[in-house]
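**Student:** Those sequence lines, one after another, are chains A and B. Read left to right, the first sequence gives residues 1 to 334 (my numbering). Read left to right, the second sequence gives residues 1001 to 1149 (my numbering).
These aren't lab readings, by the way, just hints derived from the structure by calculation. The reader is advised that the hints may include incorrect statements.
Here are the simulated PhoX-like cross-link-like pairs (lysine-lysine), alpha carbons at most 20 angstroms apart as the crow flies [claimed, not checked]:
| id | chain 1 | residue 1 | chain 2 | residue 2 |
| --- | --- | --- | --- | --- |
| 1 | B | K1007 | A | K62 |
| 2 | B | K1123 | A | K198 |
| 3 | B | K1049 | A | K198 |
| 4 | B | K1035 | B | K1138 |
| 5 | B | K1008 | A | K62 |
| 6 | A | K198 | B | K1120 |
| 7 | B | K1008 | A | K102 |
| 8 | B | K1120 | A | K102 |
| 9 | A | K210 | A | K102 |
| 10 | A | K249 | A | K211 |
| 11 | B | K1055 | B | K1028 |
| 12 | B | K1123 | A | K102 |
| 13 | A | K102 | B | K1127 |
| 14 | B | K1035 | B | K1123 |
| 15 | B | K1019 | B | K1123 |
| 16 | B | K1123 | B | K1133 |
| 17 | A | K102 | A | K249 |
| 18 | A | K214 | A | K249 |
| 19 | A | K249 | A | K210 |
| 20 | A | K223 | A | K255 |
| 21 | B | K1133 | B | K1038 |
Just a few of them, taken from the derived set where beta-carbon distance is under 8 angstroms, the chain B residues facing chain A [as the list claims (entries may be wrong)]:
| id | residue |
| --- | --- |
| 22 | T1081 |
| 23 | H1085 |
| 24 | P1091 |
| 25 | D1109 |
| 26 | V1111 |
Cβ atoms here follow ideal geometry from the backbone N, Cα and C, with glycine treated the same way.
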Amino acid sequence: MDHFEGINFSELMCGIEAAPGYLKPVVKVATGGTTGSSLAICGYHNVASGIYNNVLVIGWEKLNEGGATTGIITAFDPVWERPSLAGALGPLALMAGMYSAKYGITAEQAAKVTVKNRSNAANNPFAHLQMPNITIDYVMSSQMISYPLRLHDCCPQSEGACALIYANEQETKKITDNPAWFHAVETAHYYTFGTDDKMYDLPTATIASKKAYKKAGIKNPVKDLDVAEIYEPTSWSELSWTEALGFCKPGEGGKLLDEGITQMSGEFPINPSGGVLSTNPIGATALVRVAEAATQVMGRGEKRQVPDVEKALAMGFGGSLWTEILILGKEPLR
Amino acid sequence: MNQEIEKKVYRGRIKVPYKHTAGAYVEKFITEIGKNNKIYGVKCPKCHKVNVPPKMICIECFEKMEEWVEIGNQGIVKGFTVITHSTPVMPFEPPFAYGIIRLDGADTDFVHIIKESDPKKLKIGMKVKAVFKENPRKRILDIEYFEPI
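Chain A extracted, bound-state conformation (with noise of 0.2 angstroms):
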């Protein structure tokens, strides 16, 4: 993204040698942190409205000539927020801050989420972090960036791409008899200034998600669902986004990490591929969980599939707060 690299690009997009976008209809979308979401759901609504039959759609990031504060600095407010606030760690610490004030939830709980999620990454050939004998130890005395977020709680800066085709119902029989079918895409965001929300309980997902639910018929999402891949930027934030996302009650993440629901081997697992604190090339992250979502619909997880999986969520959060749903399932919503 333009933002983070401090270039366009425009050979990505439309040389011959890239991606096969000459004399084509591209069009390039920059969210932020939701990107890879507003890619997929942009991709949805092309193909789904009859405009195209086929839609290829492609996030990428290469993070390591770049660099994610640079880009996240600018969705603060120049006025009020960017001396004060702005940046990728300040605000996630300030809102891990007044979450765990909140509600109790420990630093050790947060630390594992690292540890879950830095596990399942061993599992997938395409992280970035694959930590299989990662301990909370090993997490909770890592350096302090921001307090209380130490490294470990953190996502790393990642390079990376990700690529999903699209097409209408009868083009799909030409290419799989296997697809992911969509069932819902939702996006909300809702503020002024950063202080406009909460800065904890992420409203957003709480609005964007239970307008999907809905749209999807899902009305317990724990049972209703099989997996989720959400978008932890921080360990403590996905203890936050759980609550957020309806998957247990405000104030309950750390237990239904504790209980051991979310791990691979659990009722519900999230993040199987190791998620955004493994992985993160931005501008392909949010479109990772969607990938992610629609390998474990299609049952194509290899070891880090999850079984019998019918229906599977992804989230995009990026500045300004905001959040995007999808939720995916294996035979086509009717």
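Once you've looked at the hints, dock chain B against the given chain A.
**Tutor:** Just chain B, lined up with the frame of chain A:
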């Protein structure tokens, strides 16, 4: 980065100056803090909530807010983080704290710097007070920082 790749890397640097049409509400707020060391918010005529920072339209009622109200220069910390990693764009050399502050008489929150770097000395619910800059530059940082009281 390994040496073979490093040879092929082109390094550059761009500055991105920008202008931002911040509007009359920002102008009024910034002028008051700089000239008179007073903090103002705007009140919604319908829900009566006092918004600081001020904005023109209430996000809950969609009413235009035109009544300016002076509020206190003290407030309560609702959240904080301590910055320990330095980058060139920071207003102070770390460590220092970013805080979410509910000023006395306001119904919305305000983000600013708290000059305290020890997380053990910072507490959600503690009182802080605005310290104004001696030579204002028409910036939000004309409130230089908040200090615990």
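**Student:** Now tell me if each hint is right for this structure.
**Tutor:** Here's how the hints hold up against the structure:
{"no.": "1", "hint": "K1007(B) / K62(A)", "result": "holds (18 angstroms)"}
{"no.": "2", "hint": "K1123(B) / K198(A)", "result": "holds (18 angstroms)"}
{"no.": "3", "hint": "K1049(B) / K198(A)", "result": "holds (16 angstroms)"}
{"no.": "4", "hint": "K1035(B) / K1138(B)", "result": "holds (9 angstroms)"}
{"no.": "5", "hint": "K1008(B) / K62(A)", "result": "holds (15 angstroms)"}
{"no.": "6", "hint": "K198(A) / K1120(B)", "result": "violated (23 angstroms)"}
{"no.": "7", "hint": "K1008(B) / K102(A)", "result": "violated (50 angstroms)"}
{"no.": "8", "hint": "K1120(B) / K102(A)", "result": "holds (17 angstroms)"}
{"no.": "9", "hint": "K210(A) / K102(A)", "result": "violated (23 angstroms)"}
{"no.": "10", "hint": "K249(A) / K211(A)", "result": "holds (18 angstroms)"}
{"no.": "11", "hint": "K1055(B) / K1028(B)", "result": "holds (11 angstroms)"}
{"no.": "12", "hint": "K1123(B) / K102(A)", "result": "holds (12 angstroms)"}
{"no.": "13", "hint": "K102(A) / K1127(B)", "result": "holds (18 angstroms)"}
{"no.": "14", "hint": "K1035(B) / K1123(B)", "result": "violated (31 angstroms)"}
{"no.": "15", "hint": "K1019(B) / K1123(B)", "result": "violated (37 angstroms)"}
{"no.": "16", "hint": "K1123(B) / K1133(B)", "result": "violated (25 angstroms)"}
{"no.": "17", "hint": "K102(A) / K249(A)", "result": "holds (14 angstroms)"}
{"no.": "18", "hint": "K214(A) / K249(A)", "result": "holds (18 angstroms)"}
{"no.": "19", "hint": "K249(A) / K210(A)", "result": "holds (14 angstroms)"}
{"no.": "20", "hint": "K223(A) / K255(A)", "result": "holds (17 angstroms)"}
{"no.": "21", "hint": "K1133(B) / K1038(B)", "result": "holds (12 angstroms)"}
{"no.": "22", "hint": "T1081", "result": "holds (4 angstroms)"}
{"no.": "23", "hint": "H1085", "result": "holds (6 angstroms)"}
{"no.": "24", "hint": "P1091", "result": "holds (5 angstroms)"}
{"no.": "25", "hint": "D1109", "result": "holds (4 angstroms)"}
{"no.": "26", "hint": "V1111", "result": "holds (4 angstroms)"}
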